[in-house]
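K.L.:
Following the hints, put chain V in place on chain U, whose structure we already have.
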Amino acid sequence: MKKLLLFSCGAALLFTLNACSGSTSEGPVVASASESNAPAGGQSAVQDDESQKDVVKVAASSKDHTTLVAAVKAAELVDVLSNAGPFTVFAPTNAAFDKLPKGTVEDLLKPENKARLQDILQYHVYVGSLKTDLMQDGQTLNQVNGGNITITRKDGKVILNNSATIVASIPASNGIIHVIDGVLLPPAP
Amino acid sequence: MSSTKILTSLGLVTAAALTLASCKPKGTASAVTGDAASKVYVAPGKYDEFYNIVSGGFNGQMSVYGIPSGRMFKIIPVFSQFPENGWGYSEETKPMLNTSHGFVPWDDLHHIALSTTGGTHDGRWAFGNANNTPRIARVSLSTFRTEEILEIPNSAGNHSSPFITENTEYVIAGTRFSIPMDNQNGDVPINTYKQNFKGSISFIKVDTSGHMNIAFQLRLPGVNFDLARAGKGKSSGWFFFSCYNSEQANTLLEVNASAKDKDFIMAVNWKKAEQYAAQGKGFKESVRYAHNTYSDKTHSATSNIETSVIVLDPASCPDMVYFIPCPKSPHGCDVSPDGESIVGSGKLAAVIPVFSFDKIQQAISAKNYDGNYEGIPVIKYEAALRGEVQKPGLGPLHTEFDANGNAYTSFFVSSEIVKWSVKDLKVLDRVPTYYSIGHLCVPGGPTAKPWGKYVIAYNKITKDRYLPTGPELTQSAQLYSIDGDKMKLLLDFPTVGEPHYAEAIPAEMLMKKSQKIFRIEDNGSAYAAKGDVNAKVTREGNKVHVYMTAIRSHFTPDNIEGVRMGDEVYFHVTNLEQDWDVPHGFAVKGANNAEILVMPGETQTLKWIPERVGIFPIYCTDFCSALHQEMQGYVRVSPAGSSVPLTFSTGKTEPAPAAAPAGATPARPTKN
Chain U
5 MKKLLLFSCG
15 AALLFTLNAC
25 SGSTSEGPVV
35 ASASESNAPA
45 GGQSAVQDDE
55 SQKDVVKVAA
65 SSKDHTTLVA
75 AVKAAELVDV
85 LSNAGPFTVF
95 APTNAAFDKL
105 PKGTVEDLLK
115 PENKARLQDI
125 LQYHVYVGSL
135 KTDLMQDGQT
145 LNQVNGGNIT
155 ITRKDGKVIL
165 NNSATIVASI
175 PASNGIIHVI
185 DGVLLPPAP
Chain V
-1 MSSTKILTSL
9 GLVTAAALTL
19 ASCKPKGTAS
29 AVTGDAASKV
39 YVAPGKYDEF
49 YNIVSGGFNG
59 QMSVYGIPSG
69 RMFKIIPVFS
79 QFPENGWGYS
89 EETKPMLNTS
99 HGFVPWDDLH
109 HIALSTTGGT
119 HDGRWAFGNA
129 NNTPRIARVS
139 LSTFRTEEIL
149 EIPNSAGNHS
159 SPFITENTEY
169 VIAGTRFSIP
179 MDNQNGDVPI
189 NTYKQNFKGS
199 ISFIKVDTSG
209 HMNIAFQLRL
219 PGVNFDLARA
229 GKGKSSGWFF
239 FSCYNSEQAN
249 TLLEVNASAK
259 DKDFIMAVNW
269 KKAEQYAAQG
279 KGFKESVRYA
289 HNTYSDKTHS
299 ATSNIETSVI
309 VLDPASCPDM
319 VYFIPCPKSP
329 HGCDVSPDGE
339 SIVGSGKLAA
349 VIPVFSFDKI
359 QQAISAKNYD
369 GNYEGIPVIK
379 YEAALRGEVQ
389 KPGLGPLHTE
399 FDANGNAYTS
409 FFVSSEIVKW
419 SVKDLKVLDR
429 VPTYYSIGHL
439 CVPGGPTAKP
449 WGKYVIAYNK
459 ITKDRYLPTG
469 PELTQSAQLY
479 SIDGDKMKLL
489 LDFPTVGEPH
499 YAEAIPAEML
509 MKKSQKIFRI
519 EDNGSAYAAK
529 GDVNAKVTRE
539 GNKVHVYMTA
549 IRSHFTPDNI
559 EGVRMGDEVY
569 FHVTNLEQDW
579 DVPHGFAVKG
589 ANNAEILVMP
599 GETQTLKWIP
609 ERVGIFPIYC
619 TDFCSALHQE
629 MQGYVRVSPA
639 GSSVPLTFST
649 GKTEPAPAAA
659 PAGATPARPT
669 KN
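Top line first, the protein sequences correspond to chains U and V. The first sequence: position 189 = 193 (the numbering used here), numbered continuously. The second sequence: position 428 = 426 (the numbering used here), numbered continuously.
In isolation and in its complexed conformation, chain V is listed as follows:
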């Protein structure tokens, strides 16, 4: 082992030295081809070719870009509060961020999985993971809003997720950190890792409406699970996971998790696991996790706490889980479009091993094992190996595929994308990235039917690439053409948050079904006021409910009196518009949370606790119309115990009994 290790290290050092000498970037000008601008220029009013759904990393969001232009269209809040539209601040959306740990207003979203049918994009949903407080979210690709968030029990550092099976039967969520299980006493010494810490992979069933439920979990040895991909085509019914820290270190993993020259790719026969679960081979464990759903009917979220999960133990479920040795802390674990090649990218390895699904099956039939790891058979490396990509670069991370038999692997250390042939494992081309690429994306790259045309690099470091903005710089994406034999750099574009994984899907698959409005007649909110005449203000003890409507260009009511210190005021704002792209906003002076943006036909609620006596302006925050600046009003707050009656109005000017028109400023229209 030690000699192999030394050789490997030597190889690394040599390769590093060579790279330093030969691959020094020559500067932007020489790297960009002359016709790059015309290839990314999308003329005003024209549409991009692809939607690029990009993870936001530590901002906890997804963002939507156009490819090839790199223009950003939208930020979709998922796991983090978003004051821009009130996500996680409004009463309706707060339950979406509920967890067994209470309200969690931030998370770290790493990976995107677009739903597939038959292994190809179907344009229904985007899934994303919360890495910190383990959760999986499902985002609708017709409303571009988060519809469901499911917490994952027995997990910590939900990194190996979300990855989906060919027909989106399951989304999987694998734990990065092994930990004592939730139903055990976790008050144990940290250095009892080997006895007390376990790993788990959750298989989340997705029904036809998208609704998620944890079907079962696999109870696994205490290692770190990193990334995964489902099998497809011939390997349909299998799932492949990268694992590191097979050393089971609990401290200084930088050194201690790199001691062995090989960790594992874990192969799971999920069809078998599904059978075992159906046969009742699993055991039920008590756990607590939140399951949050958002309804476009009631325009509000509900959060339920689930209390049990079914666990499958490989010890009592044979022929379900296998380990395959893989060099040096594998990160990416990617499967070719035909399902035959499983690419394990050891981030410290000098080669990229490519495993063969057929050979894995033969090895299992022949029990061609190299012992076991905590009872799980370890297939011999050579028995599973198709071959190795030799000297591909330094620090391989992730691999995507095109439709022409090529693979594209990102290299963090040597800052490059390397194109290689899946058939003969030969390196075909390499291009520098600026700098330190993490994930990469070929449209349809993880599916059975890659759309190809581009590869997009998501870079961690941008140093001198943009105008400097102090110590913290934007992270970025870089777009390359892969139409020809040579990859060509076309465009840099900055990204919001830290882009980890991203997927791209043809524009025509989504744009036609993009939802424009919510029908007001379908609004099932208990607090909706469907029409100005239904606007009202009610008092229940110290709770004041304002059933308010918004339509160009006034609120009803826009004058409210009789609110007292000690009251909790709930502004339930219903947007009566039935017109695409006409949201109304709502804000009240001194509110301790955010504004809300209310979509056409929707009801959203802002809670406000006045902290002083006085007059408090309210106004529409989204420029809605020519009279947007007129869309305003006042709330009067009186001392506790005040006898000011609770009244509300729009368009009434006291003491004159004849009312002025609603929504108009006093000066216009005028009376003769």
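Okay, chain U solo, but in the shape it has when bound:
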């Protein structure tokens, strides 16, 4: 039941994304309507310097997450993660991506591997806003891609899938980012 819900939720989000990004044609335009101000993109294109930054903007402003941000863009998840969410994003650092076998990231960024990249990135996102003090030892979280991750609490640390440790947590307008030192790889289907 809960999985179904999440699945359909994720599917709806993706559908919206595709519908938005695919459309470039415009209907007739009122000549004098305020065209210069007209938004063209999805939610990520909303001009807003007053609100707190969302998870995408927070990640984009981090020097340690350029690989993740590039991957999120390649997977066309920028608009999704600019949604109201709320999201818990587990955000591997550049160093975490560097630990993957050589060539893995480059491979994933190829257009033909977009589905695989999306699957991996969605495995890093949970719908719901979870601070670390709400994470219990042995708890599983059902991620956006449908897979589960397991939480271990050990010596005051929170470890995911026994492979990545949360090293920092940053609140965002639409959820929270937990910086992790490893990339989570979904189990093979």
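No wet-lab data here; the hints were simulated from the structure. Among these hints, one or two may not hold up.
[As the list claims (entries may be wrong)] Dumping the calculated EDC-like pairs for lysine to aspartate or glutamate here, alpha-carbon to alpha-carbon at most 20 angstroms:
| no. | chain 1 | residue 1 | chain 2 | residue 2 |
| --- | --- | --- | --- | --- |
| 1 | V | 511 | U | 68 |
| 2 | U | 57 | U | 68 |
| 3 | V | 510 | U | 54 |
| 4 | V | 587 | V | 566 |
| 5 | V | 514 | U | 68 |
| 6 | V | 269 | V | 205 |
| 7 | V | 528 | U | 68 |
P.N.:
Just chain V, lined up with the frame of chain U:
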């Protein structure tokens, strides 16, 4: 007089017959030009060119539309309770509707005035009037919320308001009904109108922050004041008002206020009045009126009762007020962009008289008077008149202007807009409206710098214009292009409530300064909980205060026990979001008032008196997030005298000591 009257009536009848024959609407298809659709089509994601701030009439609200699309963006509650967002229901906003008559949950908002500097729109505020229980409201054009409401003493039927001076120095409020003044014994026979009833016009000073105060009132003869406009440019420092019922009838005004062939335009030298007030020429009267302000800092309103007003009597303040005869119960009183022409629209008149500011000044210098009315000089009609627009139509009401020297007058009886030249007073064009137009709006039309491009008709009757919805039909607006020589109908759009006056302002003047959030660190509410850790529930006697937070996607606390019958529960909900367009709502089962909508960073309070024992769900009413349906909780109500302790929590599942995560449903995330 009688012969003039007969002639006038004959003219009316003839004109009516002609109009019936010649101006019968030919149907929508022929009235709309072929390219109309492309002129009003604003593609998805594109913005309109103008904001149209429209009065809501008997719904007591303002609404905001886009022009040219006619799309409605928002209803701004002003004088009426609005269950949609809790305006007038929440503890914070209730004081805004306080008056000297107590809590007044409804009024009738007729006219909009957008603030100006140097006679042109400045995009700061919209003012509106409460017609029934006299009040003036000021709405912020960055938050689109009502910030201040000021009651008007010595007034009844606050129709001749709000109108503003060029630099928004003053907002004026004129009474429709003359009445015995508030400090007199009002228990008098109604037919002693002529002795006991007086009119008053209030000059409300507006300071740079927008704060309003009644600077002084003019004590005037007992007539009906209808509409008004400030002078501008050369007539800066003057104000012009239309007056009817110079007959001073107190019954069957339909007949008795139309006996004379002329009523008045009243000209007020407000700079002089201001001097008199500064010199102490006014007298202080005891009155009672409410002055309500809303603070975006404390997120709450305060209501104070003021107890005095300064009154200026023209008898002791010479050279301040003049009357000018104007045909047949004038309604609109509009001033051209250059300030020279004052257009009086006698709603029963066959002509539109246009008065000259220069000639009025010459007539005053030369004392070219035709006697006086209750001691106030009456300038000779011909001495003030620039000329008359001949045979303009039937039932002229209101006039707006464009930047090219044209005037646009609405005609209720003949259902049309007539364009005429201000320079030579010649009719240039006419278009039918569907049906029975009241006010009309040219963007910037009442200012020194009209934006032009469109004229919008606000119609009273729509009969066969829309799908029928029973006896009551929507009222409507109609958009016409005025770019070319001929006016062209482009669009019909339905309106909320009854649109009276409206103004339109270029989108770029407002959209960039539209406020997105309230900063949580600036929240000065005494009941704010700035962060989940500050959430709490306290008891003071039978009052239970819940300091609650809301953030995607849970309330803290969401389980509350220990409430007892006889308690008054105050849910103080603070929205912790700092993200544009993410309000949270709050509702509790059985509440006898409304929901509340809480903007990001704001605190709002819903009062609830449980009327039975049991479990009462609470939930977020505004779809906020993917887990909006999870944003819920329970309140347990026990009998009076119960020993159930007052407790509160979020995420605690008893009896298991290890808590489940906050905001999550029990099933997710799960424990292994």
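K.L.:
All hints are to be evaluated individually against the structure, with a verdict given for each.
P.N.:
Right, here's what the structure says about each hint:
Between the alpha carbons of residue 511/V and residue 68/U the distance comes to roughly 34 angstroms, so the proposed pair goes past 20 angstroms and is violated. The hinted pair formed by residue 57/U and residue 68/U meets the criterion: a straight-line CA distance of about 17 angstroms does not exceed 20 angstroms. Proposed proximity of residue 510/V and residue 54/U is supported: the alpha carbons are some 12 angstroms apart, at most 20 angstroms. Simply put, residue 587/V and residue 566/V have alpha-carbon atoms about 15 angstroms apart, close enough for the 20 angstroms limit, and the pair holds.
About 30 angstroms separates the Cα atoms of residue 514/V and residue 68/U, which puts this hinted pair outside 20 angstroms; it is violated. With a C-alpha separation of about 17 angstroms, the suggested pair residue 269/V and residue 205/V falls inside the 20 angstroms cut-off, and the hint holds. Annotation: proposed proximity of residue 528/V to residue 68/U is violated, straight-line Cα distance about 31 angstroms (limit 20 angstroms).
Hints 1, 5 and 7, counting from the list given before, are not met by this structure.
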